[in-house]
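Engineer: If you want the building blocks of each chain, they are given just below.
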Amino acid sequence: MALLITDKLGESGDAKTTDVAQCEIMAVKGLPGMMSQDSLYQDIFKGSEKVEILGKLPSLLWAYSEASRKYVQELTSKPNDQPESLDRVQKLLGILDSAADHLGNEDLKNRLAQHIKIIAQIQAGHLRAEEFETAFLPEVTKMEQLAGPRRDSSPDALLEKAMLDRELDKAERIKTGRSADIVVSVDILEDVRNYLSQEVMTEGISSVLVIDSAGSLICNVGHKIDLDVVSLAAVAAANFAATEQIARLIGETDFVLLFYKGHNESFHFLRVGAEYIIVTIFNNQLSLGLLRLKIAEVAQVLEKKLPKREV
Amino acid sequence: MAFINKSAKEIQVKVVYYGPGRCGKTTNLLYVNQKMNAQFMGKMISIDTRGDKTLFFDFLPLSLGKIRGFNIRVQLYTVPGQVLYNESRKMVLKGVDGVVFVADSMEVQLESNKESLQNLRENLADDNLDMDELPLVLQLNKRDLEGSVIPVMSREAMERDLNSILKNPAPTVLASALQGPGVFETLREISKITIKSVHHKLRAS
Ligand SMILES: Nc1nc2c(ncn2[C@@H]2O[C@H](COP(=O)(O)OP(=O)(O)O)[C@@H](O)[C@H]2O)c(=O)[nH]1
Ligand SMILES: [Mg+2]
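Residue numbers (the working numbering), protein chains in the order written: chain Z, 1 to 311; chain G, 1001 to 1205.
So here's chain Z without its partners, still in its complex pose (with noise of 0.2 Å):
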């Protein structure tokens, strides 16, 4: 999971914005003044994606080829019918085409489009069954030739298999840039921080802060913590996610609040919806029980502000 900021709502879900830092920084420049912390909510999985992709693509390939064979024979076998394996065949040839993007395979791009086109050509009647055939198996031939040996034949490939269409899934989130799960426009964040500073922050409360359940930081009001506000946002969401943990070894399915009594200082974590956490620091002057009650609210008020997971 990965957190996303953007210029404007909605952008980001569109397949054209694949480009994620470009987005980031467009972000981070549109108000000056939020710069330095804010240049820390980026993709906090920068780059992971693309080793993702990379390291599926002979599977990919394979699993291309074997719809492919499939496409060529319901076409030959059954030519009034709209073959079945088409779906998956364009699914995983824009899969493909990304990831030949991420290797800068020229060769393989130019295939792929080629791909594409004679397909549309065969869909669209242009051409007759036995010409596609012809035209096509040996493409497919070279596919497999680029994908390497074939491995995940033998038994003791089972978690691969198992695997490939999660992976599926998760590729093609991957190529329409729709990966970053949460995308928080800019306007979102600045009303979050007025709300957060202007009713939340009282005598008492030195610090607040909002991060996603992955420990990015989407928000940070108050002097308590500046310069490792991005590892306790970290440490925190793993704190939180470890004691999930604790809490279904025991058969429950979550503790919806943690609190941590220092000596001068607390600390206090709320889940709000399934997305994000409120880690709210305050003195020991101020009651337990108030701060609760406090801070309860401000949950309801942020699950209505910050935007629900994207995919």
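If you are wondering where the hints come from, they were derived from the structure by calculation, not from laboratory data. Certain hints may be false.
Unchecked claim - Simulated coverage check for chain G against chain Z, where a stretch passes if three residues somewhere in it have a Cβ under 8 Å from a Cβ of chain Z:
no., region
1, 1053-1064
2, 1085-1092
3, 1104-1111
4, 1137-1146
Idealized CB from N, CA, C, for every residue including glycine.
Since the structure of chain Z is provided, determine the placement of chain G with the ligands on it from the hints.
Structural biologist: Only chain G with the ligands this time, still in chain Z's reference frame:
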């Protein structure tokens, strides 16, 4: 910092799978968890972002039988690979007895591998541990990509690169965690050298 219980005749060691994000650490544990006889294994716990990226760690406790009358228990951990999670990585590393460094064989990950190994050295040093004294196995993962369109580094090149960061060359295992080859070999190798080093310390003290 192995835990040795002399009266129960038991040795517990902690092995951490370390490496850059997406190199296959979690996949190693998943494979072990899937293939090993349940009788020798506890429950695998993953603290992640919904079955995906490791947020804190994965954990898998194993019993590896007896050596010289001692029951050997090995706890496998992974760390989160992304740069952001360095604090969490340090927490997982606490008290580590042996490390499997999982390197990604894809050429694009050349620098990430080196950075991660360097980061391991720093994080160990923060805990007063010397990487050169610690049992360590290099796993060169994703070898299944060899012969495909994805450029993969050669074993020699990877060993040269990674060993240049180490004082003594570490044992290397070629692996494909996704498909299985090398996973148990890695586990055997790291268990062997870790337990040896624990025995060694035991005798010295
Ligand atoms: N081709 C290939 N992919 C792998 C291998 N091991 C892991 N992967 C893939 O690499 C990605 C990241 O793996 P994961 O275990 O989550 O990495 P971690 O971040 O190190 O825990 C996943 O998509 C895995 O399926 C391998 O041996 N070969
Ligand atoms: Mg992992």
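Engineer: Now, for every hint given, state plainly whether the structure supports it.
Structural biologist: How the hints compare with the structure:
Only when three residues or more bring their CB closer than 8 Å to a CB of chain Z does the claim for the region 1053-1064 of chain G stand; here the count is 3, and the claim holds. Counting residues of the region 1085-1092 of chain G whose C-beta lies closer than 8 Å to any C-beta of chain Z gives 5; at least three are required, and the coverage claim holds. Coverage of the region 1104-1111 of chain G by chain Z holds in this model, with 4 residues showing a Cβ closer than 8 Å to a Cβ of that chain against a need of three. Coverage of a stretch by a chain is defined here by at least three residues with a beta carbon nearer than 8 Å to that chain's beta carbons; for the region 1137-1146 of chain G and chain Z the count is 4, and the condition holds.
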